[in-house]
Amino acid sequence: MVGKGRILVLAFVLGAMLLGAAPFHGVYAQTLTIVQGTDIESLDVHVVTSSPSYAVLDHIFETLFELSPEGDIIYRLATGFEVGPDGRTYIITLREGVTFADGTPFNAEAVKANLERILDPETRAAYANLISPITEINVIDDYTVELRSDEPFGPIQVHLAHSGMGMISPAVLARGNDYVAANPVGTGPFELVEWRQGEQVVLRKRADYWGEPAKLDGIVFRTIVDDGARLLELEAGTADVAIRIPPTEWQRIDANPNMKVDRTTGLRTIYLYFNVTKPPFDDARVRQAFNYAVNNDAIVTALLAGAGRPSDAPMAPAVFGYSPQTPYTYNPQRARQMLEEAGFDFSRTYTIHHPTGRYNQDALIAQAVQQNLRAIGVQTELVTMEWTTYLDFVRRPVEDNEVEIALLGWGVATMDADYALVEMFHSRQWPPAGFNLGFYHNPAVDAALDEGRFNADPEARLAAYAEAQRLIWEDAPWIFLHSELQLTGLRANIEGFVVHPTERYLAHQAEKH
Amino acid sequence: MLPYIARRLLYAIPTLLGVTFLVFVSVRLIPGDPAVAIAGERATPELIEQVRLELGLDQPLLTQYGRFLLGLVQGDLGTSLRTRLPVAPEVWRRLGQTLLLAAASLLLASVVGMFLGIVSATRPYSIFDNAGMVLALLGVSTPVFLLGLMLMLVFSVELPKMLQLSGPILPPTGSGTWKHLVMPAVTLGAYSTGIIARMTRSSMLDVIGHDYIRTARAKGLSERVVTYRHALRNALVPVITVQGLQFGTLLGGAVLTESVFAWPGLGRYLVDAIFLRDYPVVQAAILVIAVGFIIINLVVDLVYGLVDPRIRYG
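Listed in order, the protein sequences are those of chains A and B. For the first sequence, the positions run 1 to 513 when my numbering is used. For the second sequence, the positions run 1 to 314 when my numbering is used.
One chain only, chain A, in its complex shape (with noise of 0.2 angstroms):
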């Protein structure tokens, strides 16, 4: 019979094992935590590709510029930026005094360190492409640096204010990518306690930062995939802020005085694209009529609880370059008569793809759409995949592509046009190569893009970019959605958290009363 003895030996190692795997507990006077659904994926700031990852990262590591909320390029490890008279070369003065967490200066080698390393294929660096116009880094004194293109490169600062731009410890580097991967040392105001994958994170302030010092002392950022979990945390106040609160769940919260929702516009903007290669929506009447009859407004108020932005354009209006245009607004009978007069096969059922919890709602909003087209005479089949084959799927060549109709969202985190329109409507990016997944081409689209992109003066490029979005809403290679808002809970003690337009979340002012 099992003995007394048995059941005491095994409470003892479950207790041994309890007290073996201790947590952090807040050691630090001001700790904030921060639970977040996604782990990040690496600590490599290069390799990283998703805004969890540099929610995280963005406290460890800075870039030469960075973005405003608002837009603005702020200098962070830059002073000065200047563009020589060619129009392709550009000088970058840095910030003197900084050192990285490791005692490691940063100068300009390291400067040139860092972008050779981001250009190297061997990196696997996620936004290389970013920076790829880069032809030439030269090292002009310990302080500044010279970058040439053989083009000229309009948005170069943005690009460069990525986050996947990050300054990382030439001492580190000089060690390789694996070490790297376990070592991230930057000049931010904060350095890394611990990762325990799937977890958290744990950072602490760094008592030598060049600049003003962070008011907490750490930060905590959980891993916590549930979206019930995670707000259950912030109630039950062992949580600070949560990340991505459910949208049906926000006003009851923001009425609660123990807590606020921050509600910033996001720069990610949700859409269903056409394969306009694929009759019948080789027709741009037929593709009108589409956005017709969805009822995108309908599908923000009662799906997101209001936490988005019915679409009047192809990119959300926090990106520079924006440009309103009338929208499509809801009219079936409308709909019903332009898909007579183009000749639509009604008697036909069409094919929408799309993930499922990749965006808010998502299958939801593929199903408003799907009843929304019923209403209309159109049968649609929905079907459903899971999030890594569904990207192989979407982005094979023209030849075998099997689009019809496809849901997907476009974040612009470098909050210009040419990152919010070019990969999504050049003819030359079609894939492999680019996000063009619908192959719409349009001649005069792709020369108002080139036009922006190769082009310095703002002015100018405010004017390409509008044209290019007055003839792609024309031509409705889309059925245009909605921008999502970023849904952000805290506690109501909790000052200065700052939640940026580009999924990112800054702690670097914060602090709890």
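Restricting the straight-line Cα-Cα distance to at most 30 angstroms, the calculated cross-link-like pairs of lysine-lysine (BS3-like) are:
1. 161/B x 512/A
2. 512/A x 179/B
3. 205/A x 112/A
4. 179/B x 161/B
5. 205/A x 512/A
6. 260/A x 215/A
7. 179/B x 205/A
8. 260/A x 512/A
9. 161/B x 260/A
10. 179/B x 260/A
11. 215/A x 512/A
12. 205/A x 215/A
In short, the hints are calculated from the structure, not lab data.
Take the given structure of chain A and dock chain B to it, following the hints.
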């Protein structure tokens, strides 16, 4: 008994080899290119190709498998495609957390489940029996996320509010102290509790009808001794089988509980890796779970002998 154990462990080798091969092949049959998953949704074709080269995914499958086995016999579980960090330390850490959670929930399930089963069996068709079996049914059929979130809502938010406490009675999620273990163990154990209760009841009912129980009663033994020494002990063999199976399932199958409670276990690690096509992690995690299953089976077989002396190994 030692030769028996040695032989069983030897038999495990071909099983494990089979498991590694199946895992190796099936993970590569899932549609979706790991190079795409690793390089990110916005990667250029050049970058994707680079990743493929670096990960050795361009090599023939057999070469890749050979490398994997070679690493394995050297105790090297490989490097995660995503984090570029070695897999082994992470797997061991997760295994520790999973064993802890599985052991705690099984302990709970065994104590509560067997108690319910015994109560029901000794008073068949009484109110106790019905109540116990309704509880067991609830345990088996309540979805994990519902039970987990309800527990959290009560013990972390509402009850502390009602009692005007400054903090939660039990922390909603996380790991590290015994308080963190309570709700996940209850949530995860609910299903096993139900299964064990029903198995104990039916096995006991079966045994209680036997002649030797009547004999024991006729000898004038107390009902307590009859129930626990004569009936329960003989009814235990199928219960232990169920416990062993449950424990094995808990090793890899606690994904939902781990997700809801942010418990850093092996199941969650495995599922995340599958979504990212992180082959080395998938292979390592499944291998560890398979080894766990084999060991549990062996232990269960040995425990039969302890409980029922008629069972002998040769």
